[in-house]
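The chain contents come next:
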Amino acid sequence: MSETLPLPTPPLPTKGDEAWRYADLDALAPVWPDIAGKREEIVVSAGESAARRIVLEARDPNVDIRTLAVRIGKHARFDLHCLAIAADYGRIAVEVTLEEGAHFELGGAILGSGGQTLEIVTDVRHAEPGATSNQVVRSVLGGKATGSFLGKVGVARHAQKTDAAQSVKAMLLDRTARANAKPELEIFADDVKCAHGATVGELDKAALFYMASRGIPPAEARRLMLRAFIADAFVAIEDEAAREEIEGRALEALGAML
Amino acid sequence: MTMLRIDNLHAEVGGTPILKGLSLEIGAGEIHAVMGPNGAGKSTLAYVLGGREGYEVTQGSVSYEEDDLLAMAPHERAAAGLFLGFQYPVEIPGVSNLHFLRAALNAQRDARGEEALSGGAFLKLAREVAASLKMDAEMLKRAVNVGFSGGEKKRNEMVQLGIIDPKLAILDETDSGLDIDALRTIGEGINAILRKPDKGVLLITHYQRLLEVVEPDYVHVLSDGRIVKTGGPDLAVRLENEGYGAIEEAA
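Chains Y and U, in that order, are what the protein sequence lines are. Using numbering that gives the first Met the number 0, read the first sequence as starting at 0 and increasing by one per residue. Using numbering that gives the first Met the number 0, read the second sequence as starting at 0 and increasing by one per residue.
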């Protein structure tokens, strides 16, 4: 009779691990034994479509980490829309493998204030030809919050006609907040399109004054502008009710920050 | 009745004095034009009255309907009935004109203790005003000023003016960048919206063209931060013919 020994817990990540370089490791340590090595596996069969929405929650201890591993079959599509909010340390990590002609769509918002550390980490592997991916992340950060997007795109040698796009924009409400945007491209094929853009900015003061001059109070003006700013992350959700639901949650989180 | 009383106003921008003792009174039912060369302080006057950050009042006072205007935040000034028309209207990506204007109008109504206008009633009003100013109603749905030509932006300012229907309008070079036809439409719009016994207008302009349509009651010449001459509509004609230099020397 043989007995299966429990696998040892993998060691706690360090700042030296690329995918964890902006993480809050002190907050991670106590929950690490429970989450290490665990991830939700999703397989989208050839020709099918699937969608997932993730909204982080406040917990005790206030750490919320979601890890997905997704395989998108031939000409299949997977849509992930997520909100990194609420947790003191929150992380949404997704590893995606795209087969021929598959599409991965990511729309994410990171909304943090106080001392929150929130991150979205993606590893998108274009393993076969003709697959496409589009990742849109919008962050609004106040106080001493840190919001990070780490987006790795790998294109295999024979994955020609890959089209991978990343658009990452962050808005800082206070000079003490921090935004990290880190695209990482590993391209081994030669006929591919990999576009990425990242900006970090502040609310346009001229626009805020313009709105005030029309009678809109400052908090309402900021809310209107930030709502428009994060809408890019959810514009790809075709189901109107679903889009309104996640946008509603985002607006609630924004409202609490202003 | 005096609506706006500016008394010995001094203001600076980034530590540089721009307004140096400007005094001006606007009564209800009056249209005043302020003309002057580049750098005289015309836009600074508009921004100080609107309450823009960075425009520091160092001396003097401004009262609006007996209240201290300078003590009010910009959005409070708007709710009290002041409208600032921008020389360079600002683009707000992702916020539709309709959404923006309804938020503005209802914020003002709320501040005044009035009931919010319903979506339907607001849409009707917005369409009527846009039509009267010959603006395509489709433009109401577009993001505020984004992708608008210079003329369209100015027309949009007038549509906002018409919808908000303020008591006192300060219009900063509303005529710049307009062709002759647009100038006439906008001038007629100003007359229709603001030429009323209970309203006042401060029209800041470089040129006399707009004044041919709007016909101010008073024309002031602003030079080096002060009003150096005040007259009737004929003063604008003299400025056009003789230039600022001659008038400033005579003053």
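Note that these hints are calculated values from the structure, not bench results. Note that the Cβ used here is the ideal one computed from N, Cα and C, for glycine as well. Don't take each hint at face value.
[Stated by the list, open to error] Reference excerpt, derived from the structure (chain Y facing chain U, CB under 8 Å, subset only): (1) LEU184; (2) PHE187; (3) VAL191; (4) CYS193; (5) ALA206; (6) ALA211; (7) SER212; (8) ARG213; (9) GLU219.
[Claimed, not checked] Only pairs whose alpha carbons sit at most 27 Å apart, straight line, appear in this in silico DSS-like list of lysine-lysine: (10) Y/LYS151 / Y/LYS37; (11) U/LYS166 / U/LYS152; (12) U/LYS152 / Y/LYS204; (13) U/LYS123 / U/LYS195; (14) U/LYS140 / Y/LYS204; (15) U/LYS228 / U/LYS198; (16) U/LYS195 / Y/LYS204; (17) Y/LYS204 / Y/LYS14; (18) U/LYS152 / U/LYS19.
[Said to hold, decoys possible] Every beta carbon over 10 Å from chain Y, so not counted as near; a handful from chain U, in silico: (19) ALA27; (20) GLU52; (21) THR57; (22) ALA72; (23) ARG76; (24) SER131; (25) GLU137; (26) TYR217; (27) ASP233.
Comparing the hints with the structure gives:
Hint status for Y/LEU184 relative to chain U: violated, with the closest Cβ pair at about 28 Å, above 8 Å. Hint status for Y/PHE187: violated, given a least beta-carbon distance of 37 Å to chain U, over 8 Å. Because the closest C-beta pair between Y/VAL191 and chain U is about 30 Å apart, greater than 8 Å, the hint is violated. Checking Y/CYS193 against chain U by beta carbon gives a least distance of about 26 Å; that is not within 8 Å, so the hint is violated.
Residue-level restraint check for Y/ALA206 holds (minimum Cβ-Cβ distance to chain U is 5 Å; threshold 8 Å). Proximity of Y/ALA211 to chain U holds as hinted, the smallest CB-CB distance being about 4 Å (cut-off 8 Å). With its C-beta approaching chain U no nearer than about 5 Å, Y/SER212 sits inside the 8 Å limit, and its interface hint holds. Among the interface hints, the one on Y/ARG213 holds; its C-beta lies about 4 Å from the nearest C-beta in chain U, closer than the 8 Å criterion.
About 6 Å separates the beta-carbon of Y/GLU219 from the nearest beta-carbon of chain U, less than 8 Å, and the hint is met. About 20 Å separates the Cα atoms of Y/LYS151 and Y/LYS37, which keeps this hinted pair within 27 Å; it holds. Restraint check for U/LYS166 and U/LYS152: satisfied, since their Cα atoms lie roughly 22 Å apart, inside the 27 Å limit. Our distance criterion of 27 Å between C-alpha atoms is met by U/LYS152 and Y/LYS204, whose separation comes to about 19 Å.
A hinted pair counts as satisfied when its Cα atoms are at most 27 Å apart, and U/LYS123 with U/LYS195 qualifies at roughly 23 Å. Between U/LYS140 and Y/LYS204, the direct Cα distance comes to roughly 23 Å. Compliance with the 27 Å bound is thereby established for this hinted pair. For the proposed pair U/LYS228 and U/LYS198, the alpha carbon gap of about 24 Å is at most 27 Å, so the pair holds. Taken as a hint, the U/LYS195 and Y/LYS204 pair is broken in the structure, with Cα atoms around 34 Å apart against an allowance of 27 Å.
The straight-line distance between the Cα atoms of Y/LYS204 and Y/LYS14 is roughly 36 Å, outside the 27 Å bound, and the hint therefore fails. Our distance criterion of 27 Å between C-alpha atoms is broken by U/LYS152 and U/LYS19, whose separation comes to about 31 Å. Every CB of chain Y lies more than 10 Å from the CB of U/ALA27, the least distance being 21 Å, so the non-interface label holds. With a least CB separation of 7 Å from chain Y, U/GLU52 falls inside the 10 Å interface cut-off, contrary to its annotation.
Distance to chain Y confirms U/THR57 as a non-interface residue, since its nearest Cβ pair spans about 20 Å, more than 10 Å. At roughly 7 Å, the least C-beta separation between U/ALA72 and chain Y is not larger than 10 Å, which violates its mark as non-interface. The claim that U/ARG76 lies off the interface is violated: its Cβ sits roughly 8 Å from the closest Cβ of chain Y, which falls inside the 10 Å cut-off. For U/SER131, the condition that its CB be more than 10 Å from all CB atoms of chain Y holds, with the nearest at approximately 19 Å.
Consistency note on U/GLU137: stated as away from chain Y, and its beta-carbon is indeed over 10 Å from all of that chain's, at 19 Å minimum. Listed as a non-interface residue, U/TYR217 keeps its Cβ farther than 10 Å from every Cβ of chain Y; the least gap is roughly 24 Å. U/ASP233, annotated as away from the interface, keeps every beta carbon of chain Y farther than 10 Å; the closest lies near 33 Å.
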